[in-house]
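Turn these sequences into a full structure, and let the hints guide you.
Protein chains: 4
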Amino acid sequence: MLRVGVNGYGTIGKRVADAVRAQPDMEVVGVAKTRPNFEAEQAVEKGFPLYAAIEDRVEQFDEADIELAGMVEELVAQSDVVVDACPSGIGEQNSELYAEYDTPALYQGGESADFVDTSFNARSNFSDANGADHVRVVSCNTTGLSRLVAPLREEYGIEKVRTTLVRRGGDPAQTGRGPINDITPNPVTLPSHHGPDVNTIFPDLDIDTLGLKVPATLMHMHSVNVTLESEPDADVVRDLLEGESRLFVIPEHFDIDGAGKLKEYAQDVGRPRGDIWENCIWGESVTMEGDDLYLFQAIHQESDVVPENVDAIRAVTNSADADESVRKTNEALGMGI
Amino acid sequence: MLRVGVNGYGTIGKRVADAVRAQPDMEVVGVAKTRPNFEAEQAVEKGFPLYAAIEDRVEQFDEADIELAGMVEELVAQSDVVVDACPSGIGEQNSELYAEYDTPALYQGGESADFVDTSFNARSNFSDANGADHVRVVSCNTTGLSRLVAPLREEYGIEKVRTTLVRRGGDPAQTGRGPINDITPNPVTLPSHHGPDVNTIFPDLDIDTLGLKVPATLMHMHSVNVTLESEPDADVVRDLLEGESRLFVIPEHFDIDGAGKLKEYAQDVGRPRGDIWENCIWGESVTMEGDDLYLFQAIHQESDVVPENVDAIRAVTNSADADESVRKTNEALGMGI
Amino acid sequence: MLRVGVNGYGTIGKRVADAVRAQPDMEVVGVAKTRPNFEAEQAVEKGFPLYAAIEDRVEQFDEADIELAGMVEELVAQSDVVVDACPSGIGEQNSELYAEYDTPALYQGGESADFVDTSFNARSNFSDANGADHVRVVSCNTTGLSRLVAPLREEYGIEKVRTTLVRRGGDPAQTGRGPINDITPNPVTLPSHHGPDVNTIFPDLDIDTLGLKVPATLMHMHSVNVTLESEPDADVVRDLLEGESRLFVIPEHFDIDGAGKLKEYAQDVGRPRGDIWENCIWGESVTMEGDDLYLFQAIHQESDVVPENVDAIRAVTNSADADESVRKTNEALGMGI
Amino acid sequence: MLRVGVNGYGTIGKRVADAVRAQPDMEVVGVAKTRPNFEAEQAVEKGFPLYAAIEDRVEQFDEADIELAGMVEELVAQSDVVVDACPSGIGEQNSELYAEYDTPALYQGGESADFVDTSFNARSNFSDANGADHVRVVSCNTTGLSRLVAPLREEYGIEKVRTTLVRRGGDPAQTGRGPINDITPNPVTLPSHHGPDVNTIFPDLDIDTLGLKVPATLMHMHSVNVTLESEPDADVVRDLLEGESRLFVIPEHFDIDGAGKLKEYAQDVGRPRGDIWENCIWGESVTMEGDDLYLFQAIHQESDVVPENVDAIRAVTNSADADESVRKTNEALGMGI
Ligand SMILES: NC(=O)c1ccc[n+]([C@@H]2O[C@H](COP(=O)([O-])OP(=O)(O)OC[C@H]3O[C@@H](n4cnc5c(N)ncnc54)[C@H](O)[C@@H]3O)[C@@H](O)[C@H]2O)c1
Ligand SMILES: NC(=O)c1ccc[n+]([C@@H]2O[C@H](COP(=O)([O-])OP(=O)(O)OC[C@H]3O[C@@H](n4cnc5c(N)ncnc54)[C@H](O)[C@@H]3O)[C@@H](O)[C@H]2O)c1
Ligand SMILES: NC(=O)c1ccc[n+]([C@@H]2O[C@H](COP(=O)([O-])OP(=O)(O)OC[C@H]3O[C@@H](n4cnc5c(N)ncnc54)[C@H](O)[C@@H]3O)[C@@H](O)[C@H]2O)c1
Ligand SMILES: NC(=O)c1ccc[n+]([C@@H]2O[C@H](COP(=O)([O-])OP(=O)(O)OC[C@H]3O[C@@H](n4cnc5c(N)ncnc54)[C@H](O)[C@@H]3O)[C@@H](O)[C@H]2O)c1
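Protein sequence lines correspond, in order, to chains A, B, C and D.
So in the working numbering, spot 222 of the first sequence is number 222, and the numbers just go up one at a time.
So in the working numbering, spot 272 of the second sequence is number 272, and the numbers just go up one at a time.
So in the working numbering, spot 244 of the third sequence is number 244, and the numbers just go up one at a time.
So in the working numbering, spot 123 of the fourth sequence is number 123, and the numbers just go up one at a time.
Honestly, the hints are just simulated from the structure, not real lab data.
Here the structure is a predicted model, which is why all the values come from computation and not from measurement.
A couple of the hints might just be wrong.
[Unchecked claim] Some, not all, of what chain A presents toward chain C, calculated at C-beta under 10 Å:
1. 168
2. 169
3. 170
4. 176
5. 177
6. 213
7. 216
8. 217
Just so you know, even glycine gets a beta-carbon here, dropped at the ideal spot from N, CA and C.
Here is the structure:
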């Protein structure tokens with residue numbers, strides 16, 4: 001059993017903890033948090049030993065009557081791998097702590113790619129993380145793009161990718177984030193940083209990305225163009241994508257017109273938290289114009305990186321190869337919606 | 001075992017079907033639907049025999065390869081009770097069908113109160129529905145207000161209720177509904193119809209309501225004023241409310257600032273579809289100024305009427321009294337968040 | 001000619017500057033700003049001498065090629081009155097500067113009521129500001145409530161006011177403000193601070209307010225209940241309100257259902273920036289139930305305080321009495337939509 | 001003086017009427033409308049003779065006390081040109097009426113391109129409309145794309161255009177339109193109809209477009225890629241665009257991050273209704289990657305077609321050539337923000 005600690009029990013961390021617990025070859029030794037809110041209470045309720053991340057705040061947990069198992073250092077000490085899911089930038093600060101205890105660590109996409117040994121996407125470069133100490137699971141958007149690029153590249157070759165990322169302004173519970181009624185180029189300068197981030201997975205891919213923010217909370221939406229090196233029929237491309245375990249090609253008769261109905265569907269099938277770990281590609285949108293492939297895909301920012309974190313745990317500990325790990329993860333979670 | 005049919009398998013209907021199935025004394029004999037979308041497919045997937053509501057559309061189900069068990073008439077014929085959860089106004093049209101087969105029927109809050117024997121709220125007037133043929137489970141907002149009014153009235157007496165209902169513009173998957181960036185008095189004329197609807201449960205209650213629509217999808221929000229006939233301490237009122245099984249008084253340290261975090265919490269605790277069957281009352285907001293009680297409550301429009309429908313099934317079939325039914329429903333669903 | 005300086009040239013400040021310039025008895029001697037954005041450029045374009053509010057930032061104006069007339073101290077020195085429209089809290093800090101130069105100053109509603117001589121609403125307590133050094137023009141919401149309370153109180157007497165303020169989350173250009181899809185009690189504790197703020201104008205008024213924030217940017221919406229000391233007909237109340245120069249009672253046949261159409265109307269009639277200085281009361285909503293008056297009013301947060309600032313300038317300088325000032329201001333601006 | 005009638009006095013029609021009136025060589029002989037709402041009242045207030053478009057509704061205008069000048073047929077009879085700005089599809093129905101009276105007519109972008117002599121964009125194909133009877137001024141989005149394509153094509157040659165149109169869900173006053181919290185591919189099938197619409201102006205242009213709808217009301221946003229036939233520096237391209245009279249290249253120091261601040265700026269400079277007739281291109285976003293040009297532009301859907309309608313009036317009446325007409329229109333309106 002791989003002993004996994006989760007540092008930062010928020011949107012990503014709590015999902016990773018549940019997903020790790022669902023694996024046959026892993027257990028959660030504890031989770032660390034800074035504040036005694038409803039998420040902290042739920043950690044305890046679910047039987048995850050709760051560690052305080054900041055000494056000064058221990059008192060606050062006491063006041064809220066939430067039991068602590070100790071300080072984060074103790075959690076790191078007893079973990080085979082730590083998954084760091086702290087807010088952007090904190091992970092890099094924490095890396096020294098993990099190094100001190102010689103505990104391999106995974107970081108999330110909000111961290112810089114510079115201080116880690118490798119960035120990670122299970123479908124694309126699993127083995128690069130074998131035995132690494134510091135691995136960054138790329139962001140929700142980069143994960144979504146990598147999963148799509150990988151099969152297209154293998155099958156047809158890619159001349160160039162051009163993608164507009166219409167990003168949700170904030171997660172559903174982030175009341176402090178806007179915009180309320182605007183569409184903002186973000187970043188304004190082009191191409192956006194998302195392309196270079198995909199290059200941490202596919203170093204030689206020619207990709208230009210443009211980012212925007214809009215007043216929506218459910219999912220990101222990608223308007224994708226890929227100029228291929230050959231000219232397959234759209235049907236054949238759709239079949240290829242349907243064959244990928246972490247791509248969900250939405251059937252036409254489902255009558256799903258956006259992220260709202262997608263999430264409704266995920267809730268109906270009983271997905272925990274209504275999560276959608278798969279890229280959601282509109283089947284009808286998959287189109288070829290000459291060698292230009294076009295499609296729309298929606299990305300559930302809160303959860304698509306979750307199975308990737310699970311796989312990365314196996315990668316850094318050399319406990320399975322890509323195929324075996326992905327199969328295990330998928331089966332344990334119930335991938336395939 | 002009570003044999004229950006659900007006619008209209010949408011937002012409300014699919015939840016009622018799941019809730020009925022979870023009861024020890026009930027089974028779902030089938031559900032009826034008009035269109036072969038993802039919800040229809042899920043009905044079949046979940047093992048609910050699927051009936052076509054409209055003859056002409058049978059073909060569409062065939063084309064989508066979704067198996068039908070028959071026509072809605074057959075469903076009604078074999079049901080002890082039918083729960084009608086069709087769009088507003090269709091229920092009244094369907095009532096003749098139910099009468100024809102002598103099958104008692106429940107309707108939802110979008111229907112008129114005029115053609116039914118009684119309107120229904122489990123906490124407030126359960127026994128009025130005993131043996132009735134046509135019963136209307138009141139709307140999400142009226143359910144929410146009734147649950148709150150009942151204990152206050154019993155305990156303190158109520159001089160007058162004044163409530164502003166800040167309503168969500170549409171459900172999360174209803175992409176066709178607005179407004180996008182507005183706050184609209186709705187209806188403009190005052191008081192709104194919500195007050196009279198509460199009077200179908202409490203005929204002699206003095207209540208004035210005002211309604212608005214805003215660009216939000218998660219929950220309704222009630223800004224409540226109740227002038228009581230006595231002047232209890234706010235703490236005591238809060239304790240009273242906490243004692244009600246379908247009221248959830250949000251603890252301060254949960255740090256929940258709106259519907260987004262409430263739904264996040266419901267998802268975290270594993271509620272199916274992230275549903276919140278309970279009224280959600282902010283504990284900190286419960287305040288007395290003289291004999292005026294004030295508080296905020298959020299109402300999950302998609303699910304608070306679900307346990308009420310389950311209770312109404314027992315009421316019309318005389319298979320349990322209020323206390324027993326509510327206890328059974330609560331236990332089967334896992335009420336108490 | 002009264003020489004007026006405007007310190008803080010943002011949403012409120014730029015409107016006050018234009019409104020002051022439109023008066024026959026006033027001139028704008030300059031405006032002060034911290035950053036060289038499009039608003040700074042427009043100040044220069046419009047011929048308002050531009051002063052730098054912060055020494056360190058002078059360079060930034062140079063880089064953007066925006067000409068400065070000097071530092072804010074020079075502006076204060078040559079002003080008969082300064083209107084401070086800086087972000088909340090900065091006004092209080094600036095008050096020492098104004099005192100130093102013996103320049104009477106007006107502050108906006110975001111400032112505390114504690115450090116000023118009086119709070120101000122032209123309709124309600126104009127003369128309290130005569131000769132004062134520090135006067136606070138109350139916030140957009142408090143201005144809106146005061147204008148409504150004044151005539152009702154004089155005509156019928158008020159037993160109690162209970163109002164729910166459904167507030168816009170941010171102004172149209174504030175992309176950083178949310179929520180995107182939520183309704184948040186704000187503040188959660190009741191009654192909200194808005195009631196006490198109205199009491200700075202009407203000290204003995206019995207008023208309880210509740211506040212919420214929603215994802216809209218155009219206007220605030222008030223759901224108003226006033227328990228009167230008599231029981232006039234609703235028609236008579238509507239006539240009374242129609243007689244007030246800063247209340248606009250929306251005619252039914254205008255077919256205006258919310259803030260969107262209200263602003264459209266204001267743009268159509270040629271209002272500068274589409275501003276609506278008047279409270280907008282839905283005529284159809286004005287209703288009496290016993291001694292309870294109900295109505296909806298929309299408040300244009302960006303502009304309703306503008307004419308009040310103009311009047312306050314005359315009040316502190318004793319250059320007109322209430323009636324004369326209001327008449328002058330209204331005529332110069334074109335009040336009455 | 002060209003005598004112009006406007007049939008359909010809504011979002012587009014009322015702006016066209018004002019713009020026509022502002023021209024030295026045109027006058028508005030009347031406007032026609034179906035309903036007596038605030039817009040109808042404003043038409044009369046502004047001195048535009050008001051004609052009823054539908055016989056049966058005349059009574060409604062009487063009831064609202066809004067004076068009519070006659071029926072729409074009379075308006076058509078006395079007009080040299082009619083601008084039809086009725087809702088999509090109605091224009092085509094009206095075309096018979098215009099033919100009957102031999103009055104040349106302009107239609108808006110919501111109409112089909114099939115029944116007209118030519119589609120129109122002043123910058124791109126002015127003279128195609130000379131002497132035509134039925135001319136369609138292309139939609140807001142197509143106008144925006146055409147203005148951008150024209151100079152790039154002339155200067156560098158265009159290999160291919162790929163553009164994602166992130167469209168506003170509804171206009172600010174359209175409370176009935178959503179989505180509230182979603183991003184919807186619209187249309188789902190690719191490429192969208194916008195590309196073919198641009199081909200009505202540039203028949204041989206290779207262009208693929210993708211469309212989405214989001215919960216915003218202020219402006220559309222285009223994420224543009226143009227593969228050029230040469231590789232100019234980005235600076236040079238920006239200079240080229242700055243030289244176009246109906247393109248506004250937003251300076252960096254304006255600190256404008258989206259449509260909210262753009263509209264604020266337009267209001268500040270005193271534009272009627274805060275309209276922005278120009279494409280708004282973020283200067284910082286203009287980028288070359290090899291032969292791929294990228295940029296963001298915002299399009300004010302309510303007004304960018306207005307100057308185009310004015311020019312089209314001159315085109316069909318042969319009363320000026322392209323350069324002269326554009327110069328006149330621009331000067332009369334105050335183009336150049
Ligand atoms: N939310 C998303 O959409 C998303 C998607 C993919 C990747 N990410 C990345 O995942 C990371 C986490 O994001 P999130 O959305 O889960 O954030 P979050 O704010 O929801 O959760 C962060 C958690 O970390 C805790 N925390 C803060 N400081 C801490 C510290 N010093 N030590 C331990 N815990 C601490 C917070 O209490 C919180 O529970 C970021 O790098 C982010 O960029 C987020
Ligand atoms: N959604 C809410 O927030 C909410 C809350 C409380 C009560 N209600 C009430 O519940 C009722 C249903 O609302 P909903 O939101 O579930 O609607 P919905 O549109 O989500 O679902 C209605 C379902 O009925 C089906 N249907 C339509 N016509 C039918 C017919 N003739 N026969 C059988 N099925 C038919 C539709 O296919 C759909 O599946 C309405 O009265 C509504 O007012 C809704
Ligand atoms: N916006 C509203 O809806 C509204 C309504 C009524 C009252 N108010 C109140 O008006 C005041 C101003 O609000 P606003 O919305 O106009 O803010 P704003 O942010 O739009 O404008 C403030 C301006 O002050 C400038 N500024 C910042 N620090 C300064 C300093 N030290 N010296 C000089 N200028 C400085 C900023 O550059 C900006 O131009 C606040 O008290 C606010 O509470 C705002
Ligand atoms: N609003 C936009 O963003 C936009 C942008 C570019 C083009 N357009 C196009 O302009 C046209 C008009 O759109 P709009 O947004 O101005 O619509 P609108 O609904 O705002 O205005 C239409 C007007 O026509 C009137 N009308 C309806 N039926 C009529 C009839 N039979 N005869 C005369 N008048 C009638 C209505 O009362 C209304 O005043 C459509 O083709 C639309 O596609 C709209």
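Right, here's what the structure says about each hint:
1. Hint status for residue 168 of chain A relative to chain C: holds, with the closest Cβ pair at about 8 Å, below 10 Å.
2. At a threshold of 10 Å, the smallest CB-CB gap from residue 169 of chain A to chain C is about 5 Å, leaving the interface hint in force.
3. The restraint placing residue 170 of chain A at the interface with chain C holds, with a minimum CB-CB distance near 6 Å, inside the 10 Å limit.
4. Hint status for residue 176 of chain A: holds, given a least beta-carbon distance of 6 Å to chain C, under 10 Å.
5. With 10 Å as the threshold, the beta carbon of residue 177 of chain A comes within range of chain C, its nearest partner Cβ sitting at about 5 Å, so the hint holds.
6. Because the beta carbon of residue 213 of chain A sits about 8 Å from the nearest beta carbon in chain C, less than 10 Å, this interface hint is met.
7. The beta carbon of residue 216 of chain A comes within 7 Å of a beta carbon in chain C, closer than 10 Å, and the hint placing it at the interface holds.
8. Nearest Cβ of chain C to the Cβ of residue 217 of chain A: about 5 Å, under the 10 Å cut. The hint holds.
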